[in-house]
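Engineer: Sequence:
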Amino acid sequence: MNTTLIRALSLITLLSPLTASAAGLPPWKFGMTKAEVASFKEFGPYKEFSNGDLETFNGRFHSRKENIQFFFDGGRLRRIGVYLGEGTDSKKAVATFQRAYEVLQQDYGKIEVPEMKLTGGGTPPSTVIAVGALANADVTGKTQIAPVHQPKDMFVFASVYRYYVRGVKWFSIAIMFDKR
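This note's numbering applies: residue 83 is where the sequence shown begins, and numbers increase by one.
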């Protein structure tokens, strides 16, 4: 083998965990233990939930600091949740869901919104989709979207949830990465 080919293969091997097709959300990968997830100290501190799952408010997603939660099954990482926002302001929730939609569209292409049925073809602007998604969540409790073309090693989706805390309406927006 010539030196150029060896260097190219080495570079591909080093960068492969950082690609969108890596199983997980770099630097975290599905199958990691809790200790392995928490070993990335630059994103800590990590908080452990009573059920053993972990979270950090110092994770990175699309170059922004985000609340990232890690869900385990049998001691191994099976789901990563990027919690983009939570609060009582419906206008902020619309903007946050619009961001989730646009991020998924940028990363994976066309997005399916099962709760929205359109006539006449075409795709409405992401703001219209976000307003519709929030209105649906307000009525039903949740709206979920997902890329039409999924990565082979994980299922990606985003949700907006509506719930009540002491009689006050809250919205939460998250992007989830599930191990296949």
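I should point out that these hints are in silico values taken from the structure, not numbers from a laboratory. It is possible that some hints are incorrect.
[Claimed, not checked] For lysine-lysine, the following PhoX-like pairs were computed, each having C-alpha atoms within a straight-line distance of at most 20 Å:
#1 251 x 174
#2 261 x 251
#3 147 x 129
#4 111 x 234
#5 111 x 129
#6 261 x 116
#7 129 x 174
#8 251 x 224
#9 173 x 224
#10 147 x 111
#11 174 x 147
[As the list claims (entries may be wrong)] Okay, the calculated beta carbon distance ranges per label pair:
#12 191 x 262: 15 to 25 Å
#13 122 x 262: 16 to 26 Å
#14 260 x 177: 21 to 31 Å
#15 123 x 202: 51 to 61 Å
#16 170 x 197: 15 to 25 Å
#17 249 x 123: 34 to 44 Å
#18 121 x 202: 48 to 58 Å
#19 209 x 243: 33 to 43 Å
#20 113 x 232: 12 to 22 Å
#21 113 x 209: 30 to 40 Å
#22 210 x 130: 37 to 47 Å
#23 177 x 245: 37 to 47 Å
Keep in mind that this is a model prediction, so the values were computed, not measured. Glycine included, C-beta positions come from ideal geometry on N, C-alpha and C.
Engineer: All hints are to be evaluated individually against the structure, with a verdict given for each.
Structural biologist: Comparing the hints with the structure gives:
no. : hint                  : verdict
1   : 251 x 174             : holds (13 Å)
2   : 261 x 251             : violated (31 Å)
3   : 147 x 129             : holds (16 Å)
4   : 111 x 234             : holds (14 Å)
5   : 111 x 129             : holds (18 Å)
6   : 261 x 116             : holds (16 Å)
7   : 129 x 174             : violated (26 Å)
8   : 251 x 224             : holds (13 Å)
9   : 173 x 224             : holds (17 Å)
10  : 147 x 111             : holds (19 Å)
11  : 174 x 147             : holds (17 Å)
12  : 191 x 262: 15 to 25 Å : holds (18 Å)
13  : 122 x 262: 16 to 26 Å : holds (23 Å)
14  : 260 x 177: 21 to 31 Å : holds (25 Å)
15  : 123 x 202: 51 to 61 Å : holds (52 Å)
16  : 170 x 197: 15 to 25 Å : holds (22 Å)
17  : 249 x 123: 34 to 44 Å : holds (40 Å)
18  : 121 x 202: 48 to 58 Å : holds (52 Å)
19  : 209 x 243: 33 to 43 Å : violated (20 Å)
20  : 113 x 232: 12 to 22 Å : holds (19 Å)
21  : 113 x 209: 30 to 40 Å : holds (38 Å)
22  : 210 x 130: 37 to 47 Å : holds (40 Å)
23  : 177 x 245: 37 to 47 Å : violated (19 Å)
In terms of the numbered hints stated before, the structure departs from hints 2, 7, 19 and 23, listed from lowest to highest.
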